[in-house]
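Asker: Residue-level listing of the chains:
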Amino acid sequence: MKVININSSYNSEFVKEVEEESGQKLNLCYQCGKCTAGCPYTDEYDICVSQIMRLTQAGQKETVLKANSLWLCATCESCTARCPNQIDVARIMDVLRHMARREGYGGTGRVKTFWDSFLSSVKNNGRVFEVGLLVNYISHTGRFWTDIDLGPTMLPKGKIHFKPTEMQGKKEVEKIFMRFKEESAK
Amino acid sequence: MNTSLNYAYYPGCSSTGTSIEYDMSSRAVCAALDIKLNDVPDWSCCGSTPAHTVDHSLSSALSARNLNQVASIGMDSCITPCPSCLANLKTATHRMEDEAFRNKVNKLLDKPADTRVSTKSVLQILVEDYGIENIRKKVVRPLKGLVVGAYYGCILNRPAELMQFDDSEHPMAMDNIMEALGATVVPFPLKVECCGASFGIPRKDVVMRLSGKLLDTAHAIGAKALVTACPLCQMNLDMRQNQINHANGSHHNIPIFYFTQLLGLALGLTEKEMGMNKLCVSPRTLLDAMANEETIKEKAA
Ligand code: SF4
Ligand code: SF4
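Protein chains in written order, with this note's numbering: chain A, 30 to 215; chain B, 14 to 314.
A couple of the hints might just be wrong.
[Unchecked claim] Derived list of chain A stretches under chain B, where covered just means 3 residues or more per stretch with a C-beta under 8 Å from a C-beta of chain B:
#1 37-48
#2 64-76
#3 87-93
#4 198-211
[To be verified] Calculated from the model, a selection of chain B residues having no Cβ within reach of chain A, i.e. all distances over 12 Å:
#5 45
#6 49
#7 149
#8 155
#9 232
#10 235
#11 286
Derived from the structure by calculation, the hints contain no laboratory data. Ideal Cβ placement from N, Cα and C applies to all residues, glycine included.
All chains, please: the whole structure from these sequences, using the hints.
Answerer: Below you can see the structure in the form of C-alpha cells.
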C-alpha cells in the first residue's frame, strides 16, 4: 500500500481552488464510501472516487490530478445522486479534470484524445460530424478503428454521413471556441 | 385535453445520424398527438460531455447559443429527445442564474445569453403536459404480448435537483407509458445504471462489460425487449450487441427500442414512420408476434 505523508504535501491552495470552482465543501465528506460503491467505473479506476475525495480534502494535488480516474469518469451522476451529505461529487470530478487539463495532465490519453476530437468537430462544423470525428481520432491515436466490424451493419441503415450537415451559424460556434482560448490565456 | 401544446424542438447532433429513428419517431408521435414542434432555427451542438469536461463556461456558452436561438423565435419552452443535450441545456440555464458565471459565459458569446428559456425532455412533456391517461385514450393498436423492460440510463433523472422529473433512483415514466400502451412491463432492476456512455470508441472494453450486464439482466428477468430514451444507451445496447456477445460469449438477441417508436406503433403509426428498419437488432419477430395477437383477438371478436 502506498503511504502518503499528508503533512508534508498538504496544498491548501489546491483545496481552496477545488472548493471555489465546484461550489462544494470538501470537509462534508465523511468517507462512507457510498460514491465508490455505486460508481460503475470503480473497477477501471486507479484511485476510486471516495479516495479522490479524501486525497482532495487532504490537499494532495499531484496525486489527484495525475489520476487516470479523472479521465474514466463518465459523469454518470451516480455519486452525486447518492452522497448522504449532498456533495456534488460528479462536479468535483469535473473541476479536477479541468485543473488536470490546465496543469497538463492527460490521463490515459485515449479518452482525452477522443473528447478533443469531438470538440474540434464541433468547432469546425458547429455540430458533431461523426465520421470526421472518427477520422480525426484515429489519426491522432494511430489506432485502427476498433469498430470496423460495425460497417456492414451500419452502412445500409443510412445513418452514416460522409459530409457534415450544413449550418449557418458555424462561425458563431467557432468564435465561442476562439474566445474561450483567449480568455483562458489571460 | 390540452390542445395548445407548443414547444421549440432541439433535435441534437445524434438525431442527424446514429439516432435518426428517435428523431423521426419523436416528431411523428408529437404530430399524432397534436403537439406542435418548432425547430430551433440553425441549432448547433450543445457541447455534450466533452465540453463540460474542459470547462463549464465553454459548455454553457455552446448551450446558450441554442437557448438564444429558441428565444429568437419568441419561445421560452424547449424540448429535446436527448438526455445529454437536456442535461447541458438545463445546466447552462441553471448555472447562469449566478451573475459572475453568466458574465463569464457572455464573454464567449456574440449576444448575451437569454436565461428565460427552460428545457424539458420529450418524455417529460408527454407525461406531465400531455398526460398518460390521455395517451391511453389514443391507443389504437395495443402492444399486446410484448414483454418489455424500461431502461433510463444515468443522466435522464440525475442530479435530481437539476432534472426535476420522476425519481432519480427508481424512475417510472417509461414503465407507465408502456403499461398504458398495453405492453407487459417487467421491472428492470438496473434502470439507472450506466451503459458505458461515450467510451465505446476510446474504451470499448468498458462498454462491453457495463452494457453486457444490462443485457444479461434483461434476459434474466424475461424481458424480450428494452425501451430507452437515450441515443447513447440505445446505440451501446443495439449497435454494439453483437460485439458484446462476442466479447462476453453471450447470445443475446434483444431489440432495443426508443420509447417513442413503440408509442407511435400503438398510436397507429407505421413501422416505417417509426424507423423500425433502422434498428440493428431486428425487432421483426417481436413485431410479428404482436400483430398475430391482434388478429387472433379480432377473429375471436
Ligand atoms: S458518498 Fe459523499 S460522504 Fe460518502 S465518501 Fe462519497 S463523497 Fe464522501
Ligand atoms: S460521476 Fe464519475 S465518479 Fe461519479 S459515479 Fe459516475 S463515473 Fe463514478
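Asker: All the hints need checking, so say for each whether the structure fits it.
Answerer: Hint check results:
no. : hint    : in the structure
1   : 37-48   : violated (count 0)
2   : 64-76   : holds (count 4)
3   : 87-93   : violated (count 0)
4   : 198-211 : holds (count 9)
5   : 45      : holds (23 Å)
6   : 49      : holds (23 Å)
7   : 149     : holds (30 Å)
8   : 155     : holds (28 Å)
9   : 232     : holds (19 Å)
10  : 235     : holds (24 Å)
11  : 286     : holds (15 Å)
In the structure shown, a violation is registered for the earlier hints numbered 1, 3, in ascending order.
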